[in-house]
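Single-letter residue listing:
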Amino acid sequence: MNRPVYLDHAATTPVDPRVAKVMAQCLTAEGEFGNPASASHDFGDAARSRVETARAQVASAVGASPDEVIWTSGATEANNLAIFGIAQYYREHGRHLVTARTEHRAVLDPCRELERRGWRVTYLEPDGGGVIHPDQVAAALKADTVLVSIMHVNNEIGVIQDIAAIGAICAKHGGARLHVDAAQSVGKSAVDFAGLGADLMSLSAHKAYGPKGVGALLVSRRRSASGSGAGSGQRERVQLTALQFGGGQEHGLRAGTVATHQVVGMGLAFELARAAPSSEAEHIARLRERLWRGLAALGGTFRNGDAERSVPHVLNVSFEGVEGESLIAAVRGRLAVSTGSACSSALPEPSYVLRALGRDDILSESSLRFGLGRDTCERDIDTAVAVVTEAVSALRRLAGT
Amino acid sequence: MTYSDLTLHYFLGALRARSTESPQLLTGPGVHRGAAGSRKQGIWVQFDVQVVAGMIRAARFLAFGCPHTIAVSAWVVEQAIGQAVRPALPETVARLCERFALPVEKRGRLLTIEEAWTSAVAACGGTPGVADGLPQRPLS
Chain W
7 MNRPVYLDHA ATTPVDPRVA KVMAQCLTAE GEFGNPASAS HDFGDAARSR VETARAQVAS
67 AVGASPDEVI WTSGATEANN LAIFGIAQYY REHGRHLVTA RTEHRAVLDP CRELERRGWR
127 VTYLEPDGGG VIHPDQVAAA LKADTVLVSI MHVNNEIGVI QDIAAIGAIC AKHGGARLHV
187 DAAQSVGKSA VDFAGLGADL MSLSAHKAYG PKGVGALLVS RRRSASGSGA GSGQRERVQL
247 TALQFGGGQE HGLRAGTVAT HQVVGMGLAF ELARAAPSSE AEHIARLRER LWRGLAALGG
307 TFRNGDAERS VPHVLNVSFE GVEGESLIAA VRGRLAVSTG SACSSALPEP SYVLRALGRD
367 DILSESSLRF GLGRDTCERD IDTAVAVVTE AVSALRRLAG T
Chain B
207 MTYSDLTLHY FLGALRARST ESPQLLTGPG VHRGAAGSRK QGIWVQFDVQ VVAGMIRAAR
267 FLAFGCPHTI AVSAWVVEQA IGQAVRPALP ETVARLCERF ALPVEKRGRL LTIEEAWTSA
327 VAACGGTPGV ADGLPQRPLS
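Chains W and B, in that order, are what the protein sequence lines are. The opening position of the first sequence corresponds to residue 7 in our numbering, with each subsequent residue numbered one higher. The opening position of the second sequence corresponds to residue 207 in our numbering, with each subsequent residue numbered one higher.
Honestly, the hints are just simulated from the structure, not real lab data. Each statement offered as a hint is correct.
A short, non-exhaustive set of chain W residues, derived as facing chain B with CB atoms under 8 Å: (1) GLU331; (2) GLU396; (3) ALA405; (4) GLY406.
Backbone N, C-alpha and C define an ideal beta-carbon position, used for all residues, glycine too.
Just chain W, same shape as in the assembly (with noise of 0.2 Å):
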């Protein structure tokens, strides 16, 4: 039986077998399997090594220094280090945060748990392409406000946030830390942590070819001055308090045995994203293009978010006269995507983020989301175009539309 098309790559990536291999290495007896924190034998100090390599690559990968890079399990985990760990470091100097209605709800729900709290929220609304602007950004710096949360590449519509002008406003601000929701960035997009003045950025292994279960959290160790606002002056490097205790591991800011295993296969993963060629991208995009040609043929397909602005790994489309849950049902066992709805229950939701874009809930619910890989081909869009194609004209005449 054949598999059905991956076209769910923004969800998640196969592991690269080099990088398998390599973890591999850190399990076994054989192998690098001590614990990089005992300092008392040879076993500790291989694992430390593998462990510090791998630092080292991500955080040239990313324009960053290795002591920047706070291992996590995850980008959900940095991001709630990153939002949870600010507010509370800077609690006396303002409880005021400003974040995108569009974000991961990795970054959301910790910010509606801060409003529970007693702290400010400010969401940004986008425009009708997904762009946050920077002025908006701007207008919605108060005096008190200590963190500003923007994704850098959009999960669903991979449109491409402007994050450098932000950091620019934030840095005039002062009392703004700049955080950066990078999950989707490596190997989509350039990252340049430095470069694009964030204070700190969190980075997922697993939409790279690397492994589930690892992350990072990226925090600034440069200095900064000016600003008028919150801790305004000569700018502190940031701070942050940490969530979880219990052996001093990753500054004191993540507690716990770092799992090498893990980190060394996001230190390879990182690495390989930022050997691949620009062909790799440039190819993706042509396909992208030739998938969305495909579907346009259609008819009442609507381009989600600023194709201007966008990574070339993800095309989102809404079909006009169908609905949601029988089109996913429909090309599901032949095509792997994502649908524009949250299923956390029987009753599927809306994408908030196209809700956001403007989208009503019925066209909101009938997207796919393509997510296109390294490994995508013309046959694997041509099957795809086929699928989608004959499922939505079937839903069509079955709906009278």
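Let chain W serve as the given structure and place chain B on it in line with the hints.
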């Protein structure tokens, strides 16, 4: 979302039947139509029923909805053909929920199907067929 084998059987069967051509709406004497729901609300169902001498000779459906909605509508049509007209679904909503393993949150969708069906068969009560005057595109 996972679906029972029966749900998938009728859902995918309905899709296959529509893979190449539009469903043929019923026309002619003794044809009655009932619809309920709204596409804007995410569920809309329409039944055409042809009744001859108190018996359902033919039935068709159109549906905009989830796989359960489409599957149950297809099953209702299949079961009704050849049966005497009566102002109810071939099975109760509760029994249909069991048959198709419907999540409790979706029970309301069967009420829409029931409303569309009973609306169609209720029109059969001695009124002449109106097929020739029916719009050929469904209303919602």
